[in-house]
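Based on these hints, arrange chain F on the given structure of chain H.
There are 2 protein chains.
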Amino acid sequence: MPESLTGLKRTNYCGELRAADCGREVTVCGWVQRQRDLGQLIFIDLRDRTGIVQLAFGDKTDREVFQKAFAARAEFVLAARGTVRERSAKNAELPTGDIEIEVEELRVLAKSETPPFAIEEKTDVKEDLRLKYRYLDLRRPEMQRKIIGRHRIVKAARDYFDENGFLEIETPNLIKSTPEGARDYLVPSRMFPGSFFALPQSPQLYKQLLMLSGYDRYMQVARCFRDEDLRADRQPEFTQIDFEMSFVSQDDVMAIAEGFIKDVYQKVLDLEIQTPLRRMTWHEAMNRFGSDKPDLRFGMELTDVSEALKNTEFRVFAGALSAGGSVRGINLKGQADALSRKEIDKLGEWVKSYGAKGLAWTRLASGGETSSYEKFLAPEEAAAVRKALGAEAGDVLFLVASGENKVVFDSLGALRKELAGRFGLIDDSKPCLLWVTDFPLFEYSKEENRFVAMHHPFTMPREEDLGKLESDPGSVLAIAYDMVLNGNELGGGSVRINRPDIQERMFQALGFTPEQAQERFGFLIDAFRYGAPPHAGMAFGLDRLVMLMLGCDSIRDVIAFPKVASSAELMSSAPTGVDPKQLEELGISLLKKD
Amino acid sequence: MPESLTGLKRTNYCGELRAADCGREVTVCGWVQRQRDLGQLIFIDLRDRTGIVQLAFGDKTDREVFQKAFAARAEFVLAARGTVRERSAKNAELPTGDIEIEVEELRVLAKSETPPFAIEEKTDVKEDLRLKYRYLDLRRPEMQRKIIGRHRIVKAARDYFDENGFLEIETPNLIKSTPEGARDYLVPSRMFPGSFFALPQSPQLYKQLLMLSGYDRYMQVARCFRDEDLRADRQPEFTQIDFEMSFVSQDDVMAIAEGFIKDVYQKVLDLEIQTPLRRMTWHEAMNRFGSDKPDLRFGMELTDVSEALKNTEFRVFAGALSAGGSVRGINLKGQADALSRKEIDKLGEWVKSYGAKGLAWTRLASGGETSSYEKFLAPEEAAAVRKALGAEAGDVLFLVASGENKVVFDSLGALRKELAGRFGLIDDSKPCLLWVTDFPLFEYSKEENRFVAMHHPFTMPREEDLGKLESDPGSVLAIAYDMVLNGNELGGGSVRINRPDIQERMFQALGFTPEQAQERFGFLIDAFRYGAPPHAGMAFGLDRLVMLMLGCDSIRDVIAFPKVASSAELMSSAPTGVDPKQLEELGISLLKKD
Numbered sequence: 001m002p003e004s005l006t007g008l009k010r011t012n013y014c015g016e017l018r019a020a021d022c023g024r025e026v027t028v029c030g031w032v033q034r035q036r037d038l039g040q041l042i043f044i045d046l047r048d049r050t051g052i053v054q055l056a057f058g059d060k061t062d063r064e065v066f067q068k069a070f071a072a073r074a075e076f077v078l079a080a081r082g083t084v085r086e087r088s089a090k091n092a093e094l095p096t097g098d099i100e101i102e103v104e105e106l107r108v109l110a111k112s113e114t115p116p117f118a119i120e121e122k123t124d125v126k127e128d129l130r131l132k133y134r135y136l137d138l139r140r141p142e143m144q145r146k147i148i149g150r151h152r153i154v155k156a157a158r159d160y161f162d163e164n165g166f167l168e169i170e171t172p173n174l175i176k177s178t179p180e181g182a183r184d185y186l187v188p189s190r191m192f193p194g195s196f197f198a199l200p201q202s203p204q205l206y207k208q209l210l211m212l213s214g215y216d217r218y219m220q221v222a223r224c225f226r227d228e229d230l231r232a233d234r235q236p237e238f239t240q241i242d243f244e245m246s247f248v249s250q251d252d253v254m255a256i257a258e259g260f261i262k263d264v265y266q267k268v269l270d271l272e273i274q275t276p277l278r279r280m281t282w283h284e285a286m287n288r289f290g291s292d293k294p295d296l297r298f299g300m301e302l303t304d305v306s307e308a309l310k311n312t313e314f315r316v317f318a319g320a321l322s323a324g325g326s327v328r329g330i331n332l333k334g335q336a337d338a339l340s341r342k343e344i345d346k347l348g349e350w351v352k353s354y355g356a357k358g359l360a361w362t363r364l365a366s367g368g369e370t371s372s373y374e375k376f377l378a379p380e381e382a383a384a385v386r387k388a389l390g391a392e393a394g395d396v397l398f399l400v401a402s403g404e405n406k407v408v409f410d411s412l413g414a415l416r417k418e419l420a421g422r423f424g425l426i427d428d429s430k431p432c433l434l435w436v437t438d439f440p441l442f443e444y445s446k447e448e449n450r451f452v453a454m455h456h457p458f459t460m461p462r463e464e465d466l467g468k469l470e471s472d473p474g475s476v477l478a479i480a481y482d483m484v485l486n487g488n489e490l491g492g493g494s495v496r497i498n499r500p501d502i503q504e505r506m507f508q509a510l511g512f513t514p515e516q517a518q519e520r521f522g523f524l525i526d527a528f529r530y531g532a533p534p535h536a537g538m539a540f541g542l543d544r545l546v547m548l549m550l551g552c553d554s555i556r557d558v559i560a561f562p563k564v565a566s567s568a569e570l571m572s573s574a575p576t577g578v579d580p581k582q583l584e585e586l587g588i589s590l591l592k593k594d
Numbered sequence: 001m002p003e004s005l006t007g008l009k010r011t012n013y014c015g016e017l018r019a020a021d022c023g024r025e026v027t028v029c030g031w032v033q034r035q036r037d038l039g040q041l042i043f044i045d046l047r048d049r050t051g052i053v054q055l056a057f058g059d060k061t062d063r064e065v066f067q068k069a070f071a072a073r074a075e076f077v078l079a080a081r082g083t084v085r086e087r088s089a090k091n092a093e094l095p096t097g098d099i100e101i102e103v104e105e106l107r108v109l110a111k112s113e114t115p116p117f118a119i120e121e122k123t124d125v126k127e128d129l130r131l132k133y134r135y136l137d138l139r140r141p142e143m144q145r146k147i148i149g150r151h152r153i154v155k156a157a158r159d160y161f162d163e164n165g166f167l168e169i170e171t172p173n174l175i176k177s178t179p180e181g182a183r184d185y186l187v188p189s190r191m192f193p194g195s196f197f198a199l200p201q202s203p204q205l206y207k208q209l210l211m212l213s214g215y216d217r218y219m220q221v222a223r224c225f226r227d228e229d230l231r232a233d234r235q236p237e238f239t240q241i242d243f244e245m246s247f248v249s250q251d252d253v254m255a256i257a258e259g260f261i262k263d264v265y266q267k268v269l270d271l272e273i274q275t276p277l278r279r280m281t282w283h284e285a286m287n288r289f290g291s292d293k294p295d296l297r298f299g300m301e302l303t304d305v306s307e308a309l310k311n312t313e314f315r316v317f318a319g320a321l322s323a324g325g326s327v328r329g330i331n332l333k334g335q336a337d338a339l340s341r342k343e344i345d346k347l348g349e350w351v352k353s354y355g356a357k358g359l360a361w362t363r364l365a366s367g368g369e370t371s372s373y374e375k376f377l378a379p380e381e382a383a384a385v386r387k388a389l390g391a392e393a394g395d396v397l398f399l400v401a402s403g404e405n406k407v408v409f410d411s412l413g414a415l416r417k418e419l420a421g422r423f424g425l426i427d428d429s430k431p432c433l434l435w436v437t438d439f440p441l442f443e444y445s446k447e448e449n450r451f452v453a454m455h456h457p458f459t460m461p462r463e464e465d466l467g468k469l470e471s472d473p474g475s476v477l478a479i480a481y482d483m484v485l486n487g488n489e490l491g492g493g494s495v496r497i498n499r500p501d502i503q504e505r506m507f508q509a510l511g512f513t514p515e516q517a518q519e520r521f522g523f524l525i526d527a528f529r530y531g532a533p534p535h536a537g538m539a540f541g542l543d544r545l546v547m548l549m550l551g552c553d554s555i556r557d558v559i560a561f562p563k564v565a566s567s568a569e570l571m572s573s574a575p576t577g578v579d580p581k582q583l584e585e586l587g588i589s590l591l592k593k594d
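Here the protein sequences come in this chain order: H and F. Residues in the first sequence are numbered consecutively from 1, following full-length UniProt numbering. Residues in the second sequence are numbered consecutively from 1, following full-length UniProt numbering.
These are computed hints drawn from the structure, not numbers from a lab. For each residue, glycine too, the CB sits at the ideal point set by N, CA and C. One thing to keep in mind: the hints can contain errors.
[To be verified] Chain F is faced by these chain H residues, among others (derived, beta-carbon under 8 Å): (1) 31; (2) 113; (3) 147; (4) 149; (5) 155; (6) 197; (7) 201; (8) 236; (9) 433; (10) 434; (11) 499; (12) 589.
Isolated chain H (complex conformation) (with noise of 0.2 Å):
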């Protein structure tokens, strides 16, 4: 039978003593780490979320106590009165290992079966099935440091927020479900059967209203859903640093985002982030690495290798230059003998899931020059683009051809990462934190065959684009921008339209008619009516900059009950199916399957 903790009052967490604390009289509580059963001896390792500390039974310690810790076993729940003493073996890995405890009382708060695994620093257990026991999953040392540290960083960015005169507001999540919501989550009311709610997939609405009543300067660690497919790093439910502020420009917006960067890293790491960030436009960032979120931490630039292929006659080449795209590549330097026909094989098969489609290479390996592409150029065509990339001995070049820049753009960009990531050229040792900025308003969309807003359709144009707005939309950037960490997005934000009338031409240019823009941002458009602020913010992606801030490989690892890759969780089985009847009190009924 479990005791109780009646009459004993912990004086201290097991990981603070010390050797200073050496003929005190303590009482610590905890879980068994481990027990050793010497016959006259038994020592237990006691856990806490603070540490480990060491009980210790000899032939001074009464035997019923001494019976206790006999029988102890890991993870059994204990708390243990006793006296600080010095350690006869200490333990220098320790921060405790200097001492142990005499015990003089023990009681056995709670037993424990034998755990499906075994709770440790470092695991190499199925995911699966930590998160089905994510409890004890959640004791492991390494989980909590995790945990401990997104705390950590959820406050530093409160305090940092709230010094700076921002107010924590909080905003619905039962609201408003929008006709283009595709991926909000609806909830059915008892109170309104057959109508839904929609849990948000970003308080942007409800952050713009704050700044047209007059609020300021509004910040949110915000909940928010989204109803998709889950890659790797999402999660249906996940947090945001959400922030807004009115009367200002990009650059304010920036310098507050840039101040709470370098204040997280300094209190949660103690690492000093240099401000301002570097800047860089987006035209840029795609030219030379062939992505929206470079990471600048290694070279092995895109290189656009069009002009010297301008006249041709390969048609792999030509055909994608005609189509108004282009053929760029990139060079690997020095690594021709570790990259094998075979493994670039693959990587050719690897760049079609970014629509590429094909690989053209060069290996300039020691064994031999090989090429899938240089028999078909001329001579001097073939020998330009060597140039044009730099080609040394030992070099690998890739290039990829295709009529659409995005593309080119999104393999290559893929490619060099993957091969940095392969060949170790990747500096770990700080973080690289850049601007990039100035994105196109719009992007095409080729099933809906009209432009959608690249961000969203509250974002403001460039001034001096205002005039292109009908004439020629793919050209307009939006004064809009991305926070990158080490080819990450951390956060992104973007100026907002404050005017009635350029949120009318933006609306027309997404092709809505003002029945449609009134049916889905009605009430934001009627509330514009009366006197909207210059306002612009941001919001980081919480789950990804703890993840990224405490080096870990997964946002499952920084959140306390995540869900896996189909939303499910595995812990409770969520979700479930539910009683009929409390279907047909929100007027609602299952489809019969198929």
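Using the frame of chain H, we list chain F on its own:
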């Protein structure tokens, strides 16, 4: 055409300028509170979240600037650059009343249509209109103080819990729906058509798992959801300050909670709260005040007059007593002349909503004594009742009789509060806080014909009552506690069951088979097999705490975008119908309306 802010940068908030700033060039931004056109002079009161400043335009003003000032209307958004100077006519009621800004440059950043109501400190506009145009209502200084006050309260809460070693850990909002979750909002999932998540009514299970995982001290400002009819002070989504601690007793939780309240009152209202707070058992609170959240700012306590009536032949009283109930009363001192017979009759109707069959009364008015029941009693019985209630000339006595004590308590408890409010008996000078402890573990549900948990099924019974769990569940008291402020429940919590054997007996007492318990709480029951520490916790209702601290009448006033009693949001008109195709993807369809 609205102008842009480009090239101008705000230097000051409107409300912060003082005489010491005279001679400085400043730029302010804000909304036009009012414009006064005196012919050669124009004055504009410009408003931002910090207050109001006066802009002045006169004969030295550039004509174009003057024209803009002339055309400015209420709620136009302006940026003004100029020089601070002393006012000729000072306004002592305004913090900035000693100065004005002589404007040199003026930009009209946005115009405004005439708003549906004026943006003023106090308003008598109907709440529905305020909520429809919430973005305008939120501009009122009164509302801004509340939203800013809420931010300060929440920030103080997070600081306090952080300083005391609590980790804020986010728990999921998409969780498993449990069969008894009749008030759960359900969320269909595209990835699992026909299956549902639920939105959490509280993070209860997850925070207990975090204790089991060794996090020791958890807190969260957590959004919670409840799909039910809304009473005046409820919202379908609401926020809790939720915390949980391991290896502690009830006293430890109370000390942390008291420390929080003391700290937040000090920081936000500069008000000293004396701790420790007074404690009162649930039985005492019910017997003396007819309420488990007694308002101790006034007397008028309940008196049990059953003993005086034990032999009465008056059917109404005798019936109540023979059914195991009671007859109790309160004495409204000295108000007999102020409370008419007609008003008493109305109160008699009103108490019926609390289950009472009626209200028995004696009115000792100066014009004569009247009573609804004394004529049915023996003279010595009537005298004994008067004596028990301390009746004197001028008093009004009220009695309620019922076979169910709950009805007696509910009716008289409500009547006591109603009368105290009506006759101004409440000492409003300072907040009145106390703990109510030792709640019954169960209450009997007549509908379900079984005992149900008064708090929830994880509440620990008192150690001395463990033996009665099967034999006399109705008498078992829980280690549960509520904090009460001015007659409102501010928060509550309990010591949780951490022993599988007690949890099993608890489920049995609630009438669950082991299979039902497993189906409902399986993952929690499983988790408790691996070493659950003793733990306890509490949650404060944030919306109510903010409302009471800031002296508001409605929680809607301290929520930026609240919902009304029907659970609708009036601004965006949510909830709404959705596209049938969207429902199809979710595996559901609408029920046809009859």
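Verification of the supplied hints:
1. 31: For residue 31/H, the interface hint holds, since the closest Cβ of chain F sits about 6 Å away, which is under 8 Å.
2. 113: holds, 5 Å
3. 147: Status holds, d = 6 Å.
4. 149: violated, 10 Å
5. 155: holds, 6 Å
6. 197: holds, 5 Å
7. 201: violated, 14 Å
8. 236: At about 6 Å, which falls below the 8 Å cut-off, the nearest Cβ of chain F leaves the hint on residue 236/H intact, so it holds.
9. 433: Constraint on residue 433/H not satisfied, violated at 25 Å.
10. 434: Since chain F brings no Cβ nearer than about 25 Å to residue 434/H, farther than 8 Å, the hint is violated.
11. 499: holds, 5 Å
12. 589: Hint on residue 589/H: holds, closest Cβ of chain F at ~5 Å, below 8 Å.
Hint compliance for this structure: hints 4, 7, 9, 10 are broken, all remaining hints hold.
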